[in-house]
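Chains R and Y supply the protein sequences, listed in that same order.
Sequential numbering from 1 applies to the first sequence in the working numbering.
Sequential numbering from 237 applies to the second sequence in the working numbering.
FYI, nobody ran anything at the bench for these hints, they're computed from the structure.
Each hint should be verified, as a subset may be incorrect.
Unchecked claim - A short, non-exhaustive set of chain Y residues, derived as facing chain R with CB atoms under 8 Å:
#1 G291
#2 P301
#3 T304
What the hints assert, rightly or not - Computed Cβ-Cβ distance ranges for the label pairs, DEER-style:
#4 G334/Y x A24/R: 26 to 34 Å
#5 G159/R x E576/Y: 41 to 49 Å
#6 G334/Y x G113/R: 28 to 36 Å
#7 D270/Y x I219/R: 49 to 57 Å
#8 I154/R x A273/Y: 54 to 62 Å
We put the CB at the ideal spot given by N, CA and C, even for glycine.
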Amino acid sequence: MTAQLDFSIDHRPDFPLLQVRLGAGQSLFAEPAAMVTMSPALHMRAGLKGGLGKSLGRMFGGESLIVNTFSAPNGAGAIDFAPAALGDIHHYALGNGGGLMLQRGAFLAHGEGVTLDAKWQGARGFFSGNGMVMLRAGGSGDLFFNGYGAVMPIDVDGGYYVDTGYVLAFEDTLSYRVTTMPGLRPGTGQKLKTFFLGGEGLVCQFSGRGRVWVQTRQIGSFLGWIYPFRPVKQRN
Amino acid sequence: MAQFPGGVFDDGLPDGRAAASLVPGPEAVEARLDSGAVFVIGYDSLRMEFGGATGRMLFLRGAEPRLTLFSEAPGLLEAIAAAGGPASAGAVAGARAGQAQTRKTHLRNWGIALAVLVALWFTVPPIFRVMVDGAVQQLPLSVDVKLGELASSEMAGLGPAITDEAVAGFATEIVERLRPGLPPEIQALDLKVTVIESTQVNAFALPGGRMAVLSGLLKKADGVDMVAGVMAHELMHVRHRHGMRHIVRAAGVITALTVLAGDATGLLGIAAEGAALAALTSYSREMEAEADLDGVRLAAAAGFDPAGMPAFFRKLSEIAPDSQAPEALSWMSSHPRHDERIAALEAAIPGLVRAESTPMKHTLEAARAALKGD
Ligand SMILES: [Zn+2]
């Protein structure tokens, strides 16, 4: 699949900007507040997309109820988008037979023909610390998602482990489960010690064939690192 | 022939995969690509299993180890069984056996998850309560006062304040008599009481100590001990900082929802706000019981008859047998389960020591006489 939209991603990877150049009649759907600049020829409409049920699903996926629709009814124009987090933007072309599972909050924009649903992940999601719901993109067309830090694709063929906090997206031909690090399993004492002291507890174990996108930083880790440096009010 | 949307993994394809239509035939499954290419897996070598992110994607493999067909379209397995008959029966049985095994594992996982939830249900609330109390203790009382000031504009909307000395002085004298029984930091608050002209039978205290008594309550009370009982109860909400605990608890619920759902934006945010509002409109059962029992002790220590509080509850339940009464905002509607509470109070009263009672300078009779429309 090649891209249907004419786009470019500049200033990568820390402060990237996505520019999409819509041709006359094309539409684009984006996360609210992501727009930075827009040609006057384009129209923007805020509203529910895909009916209330779909929208509710998106909400539970951590996405906002409102999707901004950008269209070019009268002629071509360009729009720039910036994600909220400091990190790279990645393009994925849907339509190779499967869909893409997306971490909540990773969605930035998609073109026509793409469907977005919330998928309940149950206990797997709960233990991964990433919420019980993931987004699943299907159909065919262009999808843009963003991570924290750089975004690194990994081709899985067989099996692979990724720390739960770094999983950004993966193709749905991969099966996954949340588990402890494989070396920790025998000998419960060592396992618990590593879990609590080593901080290397839970991983996503992927199996099958497909691609995983990993973000190179984790917001939670960053907040933990910066916490001791926060300004504190002196108590007297 | 039926077609099922799916895809193909093959090392010869650009990027190693492509979308395809899967077509089950009498001897093989074909995968037809848009490019015109066709991949075939014969039933004699076919192995199938469910997998993928949802567990519902069917993977088909044959003799060629690098070729895999896949589809999540419902009905594919049935179509292969129907099209292949005995030729595909072995592969279909293999997929179904795997599916049954997966279901068993799922069931076991759900069992474990349920057991964990039940365990959390019994352990989290007490821990949560301790955490809420700890958090409230960290906040200075000035936060309560600020909060009360924010809410006092709502109070003004109920009706005009009565400034007549016979009425205002009566309510103030009760508070002044109750005050010495409170801890020093609460005594230091501005425990100001306002009587508001209203037909409602109600009294309430805002965080930080501002109180309101609606004149309907003075008209319905049978004596100063009933009024003192209600005011002692309300003062105990202030003393135990129930308003603050409520807000911290609601904030905790929002935090918990955030952890569970990953994000409290969107609908969950709205749900959390709704939960917070609901939590703020009436106190919890434990808080009311605490205000009742400590309130009746406070009233007795100030020389009032502790029986006044349960007597007033009983009287209220006679006036308004249900909260469908026009005064939906009455004390009764924010303080339900009165039978239970009357019983708990009456059990506690015999153990209380009532201080010596001295006559009030302002009497309920005089206050009522000064109220209009009697
Ligand atoms: Zn109360």
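Verification of the supplied hints:
1. For G291/Y, the shortest C-beta to C-beta distance to chain R is roughly 7 Å, which falls under 8 Å, so the interface hint holds.
2. Violation of the interface hint for P301/Y is found here, the shortest Cβ-Cβ separation to chain R being roughly 11 Å, above the 8 Å cut-off.
3. Here the hint on T304/Y is kept, as its CB sits about 7 Å from the closest CB of chain R, short of 8 Å.
4. Distance hint check: the CB atoms of G334/Y and A24/R are about 50 Å apart, inconsistent with the given range 26 to 34 Å.
5. About 59 Å separates the C-beta atoms of G159/R and E576/Y, a value inconsistent with the hinted range of 41 to 49 Å.
6. At about 33 Å, the CB distance of G334/Y to G113/R agrees with the hint of 28 to 36 Å.
7. Taking 49 to 57 Å as the suggested C-beta distance range, the pair D270/Y and I219/R does not conform, at roughly 40 Å.
8. Checked against the hint of 54 to 62 Å, the pair I154/R and A273/Y fails, with Cβ atoms roughly 27 Å apart.
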